[in-house]
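> Take a look at the letters that make up each chain.
2 protein chains.
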Amino acid sequence: MFPYKTSLEIDRKSKEPLFLQLTNQLINLIKEGKIPSGTKLIATRGLAELLGVHRKTVVACYEELILQGWVESIPKKGTFVNRNLPDILPLDFDNKKTVNENKLGFTFYKNPALQRTSLTNEDEVMYINDGISDTRLTPVKEIAKTYRRIVDRTSIFPHLSYGSTYGNKKLREVLANYLNSTRGLSVTKDNILITRGSQNGIYLSSQLLFKEGDIIVVGKTNYISADLTFSNAKAVIKRVAVDECGLVTDDLERLCKKGSVKAVYVTSHHHHPTTVTMSAERRIHLLNLAKEYGFAILEDDYDYDFNYNHAPILPLASHDANGNVVYIGSVCKTVAPVFRVGYLVAPKSFIDEAANLRRIVDRQGDALLELTFADFIQSGELDSHIRKVLKVYKSRRDLFCRLLSEKLNNYFEFEIPKGGMAVWVHLKNQFKWKEVSAIGEKYKLSIGDYQRYDIENTNHNCIRIGFATFNEDEIHELIHRLSLTMKHLEKVS
Amino acid sequence: MFPYKTSLEIDRKSKEPLFLQLTNQLINLIKEGKIPSGTKLIATRGLAELLGVHRKTVVACYEELILQGWVESIPKKGTFVNRNLPDILPLDFDNKKTVNENKLGFTFYKNPALQRTSLTNEDEVMYINDGISDTRLTPVKEIAKTYRRIVDRTSIFPHLSYGSTYGNKKLREVLANYLNSTRGLSVTKDNILITRGSQNGIYLSSQLLFKEGDIIVVGKTNYISADLTFSNAKAVIKRVAVDECGLVTDDLERLCKKGSVKAVYVTSHHHHPTTVTMSAERRIHLLNLAKEYGFAILEDDYDYDFNYNHAPILPLASHDANGNVVYIGSVCKTVAPVFRVGYLVAPKSFIDEAANLRRIVDRQGDALLELTFADFIQSGELDSHIRKVLKVYKSRRDLFCRLLSEKLNNYFEFEIPKGGMAVWVHLKNQFKWKEVSAIGEKYKLSIGDYQRYDIENTNHNCIRIGFATFNEDEIHELIHRLSLTMKHLEKVS
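From first to last, the protein sequence lines stand for chains A and Z. Heads up: the first sequence begins at 13 in this note's numbering, then just goes up one per residue. Heads up: the second sequence begins at 13 in this note's numbering, then just goes up one per residue.
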């Protein structure tokens, strides 16, 4: 007889019912070939006695095995391991416990461009970022309160089921009004798809715009996540220069004359990464070119709300009379990255197709969060939050830039950015960011993935330093660590 | 002089500051060519008098125009419309208001397969679905309470910023334990990516598994959203028969011998749409084939928790010793579709690449919701919710099946499903679902998109009818409307 007693373990402390514990162990023994096909199983009463469990437990186990097809009951003969089970290939059962972690039984496609080092945050290290909001200023309690209030409505139940792939209707209506009044657009909810942050808008647009070989034009320095998204969609990336007036549209015109341009990606308000604002001349030129050559303008307006010297400049989308602009934005910079609420604004036919695609990407957004943000925007709370943080970020920009020029003038050059959350900092020529990065570690300063700003190897020797996440004390500390690092570097070089 | 007074409107009730109202109107006039390049603007004092506003307002407006590059100030001469603005192409300004809604200035790719009719819900109409949970049973208030409690923690701030593309670490750990104990898996958090529902898991997997022409094998009847996702990823879909034991693996073996199979999609627990459970024999055969031919098994375990006759059958993933299974699940059926929390469970290298891809699809999940569900699962609330609804759905299944056979025996045939939320209903041959659909409308009954169940035109004449969304009264009403419809149909045919 098979050594049932030694092979089966009963764990009375486990949450798993006894009968299921037995069932699963027996299935494994059958699969491993230890109880081969056709074997007669011990009678229920016998097994119950061997294991010291109630007979009903064993009966339930055998019934389960029969239902699942592992064993069969032959009247008046007993219970047998199913004779029709296929021969089982030898399995490496010693590795079973960790098998999923290190074994792969099939192949898939890796995109080398997407392999990026992920930073693990360590205590006491200061991480330089490319311009992220300070989540300590996020009115998260108010948002959670609104969330709960919305959920408490008796009318909430329909919103808990499958919803529109366009996003919640209420939020689309509120956003249409909000974007029309704050950004000079003239859209309705039919021009809006609610996305999960700006990145999701760039992704969906790319999937619709590009097939292998289609041309996307971007700046010679550009937002790296956008570049990765375009290349993942198999678009060919062509680059034009960026100067103090933004994308050089004359270069773009030359490209247009040479071959079909499918789309142009711009962060016209504050070019990522250099922070410059596109001039009116270039804006009009770009719109004219789009009309003439029939390309899409992907306008990523990631930090529209953050202007310190003047009112925000209206986006290209507000001047788009010919349906060329796909406008992308989100609340991730304004409120907090965790709230994945963004919008894709475009001619209706494009939005309709994006909603079709969205159905298979992730089916739909989060209606409860979307209703929460509809309320947050409509009540004016978003605007008053923006007013509040704008003051804070302005004073952080001023402090950071003042200290940078007072204390680090020998090493860095920069323009004070008119808006946004970061400064484009040029390292004077005798130094390299690679060295700053290495020595910074000694002073618990991480400058992050500096290479992403120069994937074209133009040696511009600049990186973005975000100031918005740091409060006054932290800015002093950051400058202090930067000073220590640079002095150390100066000494050794 | 340009007719400033008649061309510019001041709205003192608007939230938009006066200077910005003026700025935006002047920009439009410049863009429209009504104030041409090189034109000298009226002096600030003059314009202030004309409009009855403070001179400071006009000064701010002109400064803004200069900053944005629309006009230039020439010392001792005055303020002029920028002479370097390009000629502006004629714009159709009459249409400006609705321009985005009906005009498209570029081209993009449409996927005809994704064009699906979206249903608009009307009051009083009963909609037949393919098996959706009843959101009235969702413990949404408890979840919102947990959400708020989590947000109230002072340690919440780091979670509000950019997070891991794998999903929240805590939830991944909790899920690893939960899946190991409930589904017999042996995984760690490194095998888990948090997705936004099962569909998102199918999408990400497809993007990694398929390039143009790669073969995916599915059942002859199959879940249509999965089919759409595979064809969108340019995979070639090959179909094998499905019988009362699930996917016919002998057919699959023949396909494997003929050419390279990249992946097989199964809903092994309850085949979608026919509801049958895959037998043990077929399960082992499938796993053996996967090992032998090196393909991936995409196991979509969409309704693991809903078994009425016996304990849930452990997924293929629990028997996967060779790293062939990509296991997909979510809480969308168990709790509610609105909570887009799902999981992709697979060998680590696959999960790592899925996390890389995810970075560009939508960057990350919703950490607050993920923390909420970590708590909801760990506290045992998910399990007690499942126990509660399982009883409700079992009694709904029993009632629905009893009435269906008592009252509609002449028209329909079906097997009582052992689990899940839907019955696979066969319409006897003299009738057509198309007719049922048309006549149903008269009785305020919508049977939905019945064609999706037979995209291969095999004339199986079956659709899924979900019973879980309807309470006892509603089930009686549904049967009543179905009876009226069928009697009417019988009379006219």
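No lab work stands behind these hints, which were simulated from the structure alone. Accuracy of the hints is not assured; some may be wrong.
A pair holds if it fits inside one copy or across any two, identical chains being indistinguishable in the list.
Here are the computed lysine-lysine pairs in the DSS-like style, where the Cα-Cα straight-line distance is at most 30 angstroms [as the list claims (entries may be wrong)]:
1) Lys303 <-> Lys246
2) Lys246 <-> Lys430
3) Lys246 <-> Lys223
4) Lys122 <-> Lys360
5) Lys89 <-> Lys157
> All hints, please: hold or fail.
Here's how the hints hold up against the structure:
| no. | hint | result |
| --- | --- | --- |
| 1 | Lys303 <-> Lys246 | within (24 angstroms within a copy, 32 angstroms between copies) |
| 2 | Lys246 <-> Lys430 | neither (35 angstroms within a copy, 46 angstroms between copies) |
| 3 | Lys246 <-> Lys223 | both (6 angstroms within a copy, 12 angstroms between copies) |
| 4 | Lys122 <-> Lys360 | between (34 angstroms within a copy, 13 angstroms between copies) |
| 5 | Lys89 <-> Lys157 | neither (65 angstroms within a copy, 57 angstroms between copies) |
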